[in-house]
Amino acid sequence: MLGDLNNYLALAEKVFGVLGAIIYLIFSLVVVKQVGTMTKNVKDKFNGILIVFSYLHLMAAILLVFLALTIL
Amino acid sequence: MTRAIDLDTVAPDDLIEVKSNQNPPPTPSIEEMRGKEEKVVDDKVVEDLNDKIYGILGHTKHPFSSLLVNPHVFDFEERATEEKIILVARPHWFTNVSWVLTTILLVLVPSLLKFVPIISDIPAKFQMMGILTWYLVTFAFAFEQFLSWYFDVYIITDERIIDINFNNLLDKKFSEAKIGMIQDITSRVSGVSQTLFNYGTVLIQTAAEVSEIHFEMVPNPEKIIKVLQVLREEESNNAR
Chain A
15 MLGDLNNYLA LAEKVFGVLG AIIYLIFSLV VVKQVGTMTK NVKDKFNGIL
65 IVFSYLHLMA AILLVFLALT IL
Chain B
163 MTRAIDLDTV APDDLIEVKS NQNPPPTPSI EEMRGKEEKV VDDKVVEDLN
213 DKIYGILGHT KHPFSSLLVN PHVFDFEERA TEEKIILVAR PHWFTNVSWV
263 LTTILLVLVP SLLKFVPIIS DIPAKFQMMG ILTWYLVTFA FAFEQFLSWY
313 FDVYIITDER IIDINFNNLL DKKFSEAKIG MIQDITSRVS GVSQTLFNYG
363 TVLIQTAAEV SEIHFEMVPN PEKIIKVLQV LREEESNNAR
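Chains as they are written, first to last, in the working numbering: chain A, 15 to 86; chain B, 163 to 402.
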């Protein structure tokens with residue numbers, strides 16, 4: 015009985031973790047899109063660096079989903 | 163009756179050109195000469211205008227400066243081909259202090275949590291995931307704040323004033339008014355930090371569709387007003 019409860023809790027933790035990470039991944043995709051729109055509208059010296067940062071953020075979000083799937 | 167010979171070879175329609183090796187240089191037409199003269203005059207006017215603007219604001223010191231005078235790299239999508247950017251203003255650097263301090267605090271939080279005894283009871287995998295998520299969210303927060311500042315630009319060109327504002331992730335606001343449409347300019351500096359660091363809001367009332375354009379939290383509002391006055395004088399001189 016207690017073992018089942020623990021299993022359900024572990025499953026719930028995993029589902030919440032993965033869902034949270036996927037939502038964050040969607041947010042990071044929006045950030046990439048937003049930076050793209052901004053840099054297209056306003057061109058300045060550091061636009062390239064900002065685009066790189068947005069993609070690094072996206073990669074970190076993908077890593078988070080991967081970790082949520084494997085570790086949790 | 164069939165044509166035995168192509169008539170064009172017997173009596174060609176086109177005039178025969180006599181080609182000489184020494185072609186004289188093409189003489190410019192009156193329109194071309196007038197165009198060149200006008201361009202020279204325009205360049206002189208732009209140069210004088212630049213000198214006046216530099217006289218008021220000085221030269222840009224670094225790329226993150228809140229005031230970019232006559233920028234060479236900066237551009238925006240809606241700019242007309244012949245339009246010249248005279249000044250780009252961003253909110254004063256001091257407006258970033260609050261989010262920079264918040265970010266520093268957020269970065270320090272995980273190391274402070276080590277002193278909370280309950281945290282050690284949480285399994286290591288959750289701790290790791292939690293810390294990673296925390297730093298990612300902190301980065302996203304700082305990045306968003308920086309983007310809001312960096313892309314919140316007020317542009318003065320030789321033809322119009324423009325306010326480009328990205329309020330949040332998916333909201334872009336573009337307002338513009340012709341220099342000749344400007345009716346009234348006022349500035350407002352209020353509060354301790356604004357008075358100390360000399361930044362504030364420039365309110366520009368126009369006769370355009372957008373009745374008021376705000377340059378918010380810009381440094382040296384009085385100098386920006388002077389620049390706008392110079393441009394209005396220039397515009398009225400051109401109109402005569």
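Accuracy of the hints is not assured; some may be wrong.
Unchecked claim - In the EDC-like style, the derived pairs of lysine to aspartate or glutamate whose C-alpha atoms are separated by at most 16 Å in a straight line are:
1) Lys57/A with Glu396/B
2) Lys214/B with Asp346/B
3) Lys47/A with Asp205/B
4) Lys57/A with Asp314/B
5) Lys54/A with Glu239/B
6) Lys246/B with Glu306/B
7) Lys57/A with Glu239/B
Said to hold, decoys possible - The following residues of chain B were derived to be distant from chain A, with all beta-carbon distances above 10 Å:
8) Val208
9) Gly217
10) Phe236
11) Asp237
12) Thr243
13) Thr295
14) Val299
15) Glu306
16) Gln307
17) Lys340
18) Gln345
To be verified - One-sided excerpt, in silico: chain B residues whose CB lies under 7 Å from chain A:
19) Pro225
20) Phe238
21) Glu239
22) Ile280
23) Ile284
24) Lys287
25) Trp296
26) Leu298
Because the hints were derived from the structure by calculation, they are not lab data. Backbone N, C-alpha and C define an ideal beta-carbon position, used for all residues, glycine too.
Each hint, compared with the structure:
1. Note on Lys57/A and Glu396/B: the hinted pairing is violated, with a Cα-Cα distance of about 27 Å set against a maximum of 16 Å.
2. A hinted pair counts as satisfied when its Cα atoms are at most 16 Å apart, and Lys214/B with Asp346/B does not qualify at roughly 21 Å.
3. For a cut-off of 16 Å, the pair hint linking Lys47/A to Asp205/B is broken: about 39 Å separates their Cα positions.
4. Between Lys57/A and Asp314/B the alpha-carbon distance is near 12 Å, which keeps this suggested pair within the 16 Å criterion.
5. The suggested pairing of Lys54/A with Glu239/B holds, with an alpha-carbon distance near 7 Å, which does not exceed 16 Å.
6. Between Lys246/B and Glu306/B, the direct Cα distance comes to roughly 30 Å. Violation of the 16 Å bound is thereby established for this hinted pair.
7. In summary, the hint linking Lys57/A to Glu239/B is supported, as the alpha carbons are separated by about 8 Å, within the 16 Å threshold.
8. With a cut of 10 Å on Cβ distances, Val208/B stays outside the contact zone with chain A, its closest approach being about 21 Å.
9. Interface exclusion of Gly217/B from chain A stands, the closest Cβ pair being 25 Å apart, more than 10 Å.
10. Remark: the non-interface label on Phe236/B conflicts with the geometry, its nearest Cβ contact in chain A lying 5 Å away (cut-off 10 Å).
11. In this structure Asp237/B is not separated from chain A by more than 10 Å, as the shortest Cβ-Cβ distance comes to only about 4 Å.
12. A cut-off of 10 Å between C-beta atoms confirms that Thr243/B is not in contact with chain A; the least separation is 15 Å.
13. Remark: the non-interface label on Thr295/B conflicts with the geometry, its nearest Cβ contact in chain A lying 7 Å away (cut-off 10 Å).
14. Not every Cβ of chain A is farther than 10 Å from the Cβ of Val299/B; the closest lies at roughly 8 Å, contradicting the non-interface assignment.
15. Here Glu306/B does not stay apart from chain A, with its beta-carbon only about 8 Å from theirs, under the 10 Å limit.
16. Distance check on Gln307/B: its Cβ is at least 12 Å (rounded) from any Cβ of chain A, clearing the 10 Å threshold; non-interface status holds.
17. Distance check on Lys340/B: its Cβ is at least 20 Å (rounded) from any Cβ of chain A, clearing the 10 Å threshold; non-interface status holds.
18. Non-interface status of Gln345/B relative to chain A is upheld: no Cβ of that chain comes within 10 Å, the nearest being about 27 Å off.
19. With 7 Å as the threshold, the beta carbon of Pro225/B comes within range of chain A, its nearest partner Cβ sitting at about 5 Å, so the hint holds.
20. At about 5 Å, the closest approach between the beta carbon of Phe238/B and any beta carbon in chain A falls short of 7 Å, and the interface hint on this residue holds.
21. Below 7 Å, beta-carbon pairs count as interface contacts, and Glu239/B has one with chain A at about 5 Å; its hint therefore holds.
22. Given the 7 Å rule on beta carbons, the hint for Ile280/B is violated: about 17 Å separates it from the nearest Cβ of chain A.
23. Below 7 Å, beta-carbon pairs count as interface contacts, and Ile284/B has none with chain A, the closest being about 11 Å; its hint is therefore violated.
24. For Lys287/B, the shortest C-beta to C-beta distance to chain A is roughly 5 Å, which falls under 7 Å, so the interface hint holds.
25. Given the 7 Å rule on beta carbons, the hint for Trp296/B is violated: about 11 Å separates it from the nearest Cβ of chain A.
26. Because the beta carbon of Leu298/B sits about 6 Å from the nearest beta carbon in chain A, less than 7 Å, this interface hint is met.
Comparing the model with each earlier hint shows violations of hints 1, 2, 3, 6, 10, 11, 13, 14, 15, 22, 23, 25; every other hint is respected.
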